[in-house]
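Residue numbers (the numbering used here), protein chains in the order written: chain A, 1 to 352; chain B, 353 to 704; chain C, 705 to 1031; chain D, 1032 to 1358.
Hints are computed from structural coordinates only; laboratory data are not their basis.
Only a predicted model underlies this, so the values are computations on that prediction, with no experimental measurement involved.
From the three backbone atoms N, C-alpha and C, an ideal C-beta is built for every residue, glycine too.
Hints should not be assumed to be uniformly reliable.
A few chain C residues that face chain A, going by a derived Cβ cut-off under 8 Å, partial list only [as the list claims (entries may be wrong)]:
#1 D725
#2 F729
#3 F752
#4 E755
#5 L766
#6 D869
#7 D1017
#8 T1018
#9 K1020
#10 A1023
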Amino acid sequence: MAEAKAKRQTDPGMSASKEDQKALYYHLIRARRFDERCRRLFKQGRFPGTYFSAVGQEAAAVGAAFGLGPDDVIAPSHRELGAYITKGMPLAALMRQLFARADSPDKGKSHPCHFGYPEINLLTPASTMTAQVVVGTGMALALRMQKKPNVVLAFIGEGGTSRGAFHEALNFAGIHDLPIIYVCLNNLWAESVPAYRQSRITKFSDRAKAYGFAGFTIDGNDLLTVYQTVREAIERARAGSGPTLIECLTYRWYGHSEIDPANYRSADELESWKKRDPVALYERHLDETGIMSQAEREKIITQVDAEIEEAITLAEASPHPEAKEALDDVYSFSPAANFPARAQPTPPGGLT
Amino acid sequence: MAEAKAKRQTDPGMSASKEDQKALYYHLIRARRFDERCRRLFKQGRFPGTYFSAVGQEAAAVGAAFGLGPDDVIAPSHRELGAYITKGMPLAALMRQLFARADSPDKGKSHPCHFGYPEINLLTPASTMTAQVVVGTGMALALRMQKKPNVVLAFIGEGGTSRGAFHEALNFAGIHDLPIIYVCLNNLWAESVPAYRQSRITKFSDRAKAYGFAGFTIDGNDLLTVYQTVREAIERARAGSGPTLIECLTYRWYGHSEIDPANYRSADELESWKKRDPVALYERHLDETGIMSQAEREKIITQVDAEIEEAITLAEASPHPEAKEALDDVYSFSPAANFPARAQPTPPGGLT
Amino acid sequence: MKNVTFLEAITEAMAEEMRRDQRVFVMGEDVGAYGGVFKATKGLHDEFGGERVIDTPISEELIVGAGVGAAAMGMRPISEIQFSDFASCGFDPIVEQAARLRYRSGGGWTCPMVIRICCGGEIGGGLYHSQTNENWFFGTPGLVVLAPSTPYDAKGLLKSAIRGDDPVIFLEHKKLYRWVRADIPEDDFTVPMGRADIKRPGTTLTIIAYQLMLHRVLEAADILAKSGIDAEVVDLRSLRPWDKETVLDSVRKTGKALIVHESPLTGGVGGEIAAVITEEAFEYLDAPVQRLTGPDVPPIPFAPAMEEFYMPDTRKIVAKARTLAAY
Amino acid sequence: MKNVTFLEAITEAMAEEMRRDQRVFVMGEDVGAYGGVFKATKGLHDEFGGERVIDTPISEELIVGAGVGAAAMGMRPISEIQFSDFASCGFDPIVEQAARLRYRSGGGWTCPMVIRICCGGEIGGGLYHSQTNENWFFGTPGLVVLAPSTPYDAKGLLKSAIRGDDPVIFLEHKKLYRWVRADIPEDDFTVPMGRADIKRPGTTLTIIAYQLMLHRVLEAADILAKSGIDAEVVDLRSLRPWDKETVLDSVRKTGKALIVHESPLTGGVGGEIAAVITEEAFEYLDAPVQRLTGPDVPPIPFAPAMEEFYMPDTRKIVAKARTLAAY
Ligand SMILES: Cc1ncc(C[n+]2csc(CCOP(=O)(O)OP(=O)(O)O)c2C)c(N)n1
Ligand SMILES: Cc1ncc(C[n+]2csc(CCOP(=O)(O)OP(=O)(O)O)c2C)c(N)n1
Ligand SMILES: [Mg+2]
Ligand SMILES: [Mg+2]
């Protein structure tokens, strides 16, 4: 597999102010350190289930989400941790979900690695790949009908683009010029299956050609390129010019989940991508532009680490759900209570 | 909606010999007259259910199928009557299906307008739009594995291309360079829904761009263009160069089914397409080239009409299925007979 | 009172709820200006426009799945599946997305939507325009499944479904569309979900049915009455949740139960109902609970003789009920 | 004899049939060199190459639907669905294409294929990696549905399925993959489809189960035996067709029946079996047929306490069986 081929297409920093660029670093390093911490917790057996690390892909997730307002929506897949926390999901809420606590956003119901948080308009996804793209498209339809100025950011892996649901959703969004940006994180692998076995196309943004809207392939490890490309797409969407498909070329450093040794890929491939570590690349940019010194960054890291430890402490103090909570939240009503004491009489007017 | 925009891209008659061109006329006029006869029969109440006329679309169906050999496969949708009979499905077999007779190819089971005939490698489709494209892709996979030199022709309406199944199938065929030609009959309408509400794209052959293989949009009312474009695609497929998507611009003259008055379309639109009647166009070509005189054509029409009447007579003489035949052909075995007199003993070695 | 067909009752329910609540909208194939292949959405496009009555591409997964997203954002979508035979194409969004959104988010997200599915046989539709398929949904926690048989129930239940806060599968038997008509009130009314209705009181045995079969059972009950067999006919109306209490009360009274449905026997709704009756009213039963259903073949073969063979009908119901009464 | 896990039995069945018959091939997500997410196809890619062990895109509809086409052309596809939770995405080709191809063509086309679906809970998989969903398929005429619980049955049934001429849903409970092992013959053997197996003879009551629950029932039977309750344990193995005769013979002998399954109660396989037992052995029943199943919630909530609450287990089975024995 080739490296990320696309060049940065926009002037770095053109639209991200100095302050934004500092904030972006905070989100980027927070995503990285939180993710690495979660991996360690999982390896230590501190939570059950599994863990999907997104280390290596933080720039794409953070850069895409940084442009969003509180009433914008994210329809997530499963490997965009940075997007959720950049959008505002509290670390403790994430940690509670990993720990499957009663006060987790999903009350311990779902799956450790599919995060949602209605408070920040983060859809709680199923594990079903690509379903979030269809549901997200419906969310964009609702925004349009409600005449809101907001947009939906729907994430998907390159593997997920193979499902028919992707086609139905993007085709519909194209017809109606819906305010939605499809962000495809092409990390070259879907579990053990390489991108060239997902499709004969080499640019997944070419998928957009089947729907009549714009598609871009960008360097997903370049934080500012992602930020700016997505922000431009958001502006177009808000202006009623319809959807965009943005393919971010990136790479996951670890296995599909923490139990996957990922030995289907070559050490060389991994190394070449580690050389393009999105955090290191951005730190170099900050150094080169003098926007943020190493000392400043270290202060942020200390602060972020403290945040993380606090989230862990909070989550560990949270109660486990009671076994019987398994019965809650199936319906808006309690099915038993809905049953009548007696059936109603036949309506006036007879039957046929 | 615009008229067929594409020009004939190939030299007419370049590869269709004089004899072929005569044969093509036979198939074309046979499709037309058979179809019109079926419509009349339905209107007279001579068979139950419904009827989907393909009048107006004969050139696309006949031209595509004329290039096929007996071991090539057709995965049909529902509006390519001309393809089935050109491939060799006997008129009487079709008529027996319409009449739901016991000796119909489907033994009266399926639906009047979804024709299959294993004897000529014509898949018996479900009514489920686009399922035939997925199943047809699997048929092409089998041909590849069996190292056969044959191809699959999978038909689909422009409406059917919206389903996710289309995406999954074409994406897979692209990866494996399967020997399949997807022939999309774009007749501008899917029941009452116009093509511009199916997708934002205006050329449905652009869908192929998402799968990395060639797509062409051609004048589907020009018999020789269809024939030649499909034949070239077949040659590529046989040579291992993979699939092609061919969009044939055409038009159905009548309603979606015989009970649809089709008053969602304008009289002008219909008129403009009737002026491009594929039969009249081809007759003009035969006149201009002197390949076949009107007298010769009339002889063929007389012969075809006799064939059709014979088919009707044969089909009407066929027995109706017995009511209890409803129980046949669910499994390879009779479920009742499969039940044992007694359960087998626990296997040696114990259970766990 | 006004006299309406089953179809008109459904159209009215949608129109009235769309007037009442801006959040309600309709999407599906051909539902726009065309008014739907069975004309269930007739007039809606004229009155509410293309923004609220959306013609979709042929995309069942989108029709349902986008509805889920819109519902999550506070809309009240009505997604139409043209034929239940093709609901298979939208199966994932129904059973995995709509049904589970509330549960998987611990109540954080909800999915107030209605999925109208046109279904049923006896109309010469053959293998792919006749299926009922209520058992695809009946076993799915999180879904409400409704199956009315009269214009009154259809209108009242559809309104309850639209106003409710859960994903509802609303099954419309296409044979009933124009074949059944009745007087219904002019004024707004609803019918509660989850409640059965005794459409004919009786004492000899209980016959449980829904949709088209309910009508066949009522016809059969009239015939049975002539020979002194007084059937109580329970119209289930709601399949999930279903009204155990009304069914059990009736069976405890009559001591005998027959369930009739159009779908094949094995794995049908009837098995569950028979099992529950037996579990909960065993000591009251004078005979084993009986089922009369379509046979275990793919519904429904096309040729008229085979379709007739397939369908439970009045004659078959009478025969089965007689045998049960004599048990 | 050799000692193998449930998983190894499945891999062996595929490998041996692929050696035996060139027409057999495997397709699915990650089934290639990776050997499948649970390693069920381990070694197959090495031995048979990428032409016969095909890594597909994430495309459940294609995985099944292309299998249907290949089967129609004379191949013997084995399509793998990675988790039954996602079988919803390939539902149309399963129930509308595979199941109906033979019928709709009057026997002209056939569909000899196996759809292997990994399913089941008690592995901490949460809402989307724990579902069983056998009731999605159980009610579909045209499908064979198999649900083995031992390595011997898994291997023998999978071979029968591959050699058979019908579309088969082959359900593999993922908890059994490595947890269950047994000695099986070295030589080729098959287990007939459609036949149950009495895994433990007994006299007091009949307990019917399959997959993981069969093992829980056997554990329970050992405990029950200590207090003189002698349960006969019937392993259904085949769900469609299911072995009425063996079940009815057992119940006629014991007079009491309990069905245990992991899927939720309502609309589950147990309802059908209970209904048939009652219909056909009513006079032999000393108690109503009982069911012990997962509750009517979306399977299976993630937090360990909730998963435990959800799963029928040995303790619950013992309690239910005691009550039934005492009826
Ligand atoms: C419909 C469906 N099929 C299969 C799976 C199992 N699965 C989980 S993640 C995954 C690979 C996803 O690949 P990609 O979309 O590229 O995302 P990545 O994991 O690389 O971030 C698969 C096959 C699933 N969750 N949903
Ligand atoms: C999955 C599915 N959804 C809906 C239908 C109902 N239906 C039958 S034909 C048709 C329109 C097909 O349009 P197109 O593919 O353009 O073919 P055309 O009829 O124009 O030849 C529809 C919606 C169906 N058969 N299958
Ligand atoms: Mg990937
Ligand atoms: Mg069309």
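Inset, instruction - Of all the hints given earlier, name the ones this structure violates by number, lowest first. - result: 1, 3, 7, 8, 9 and 10
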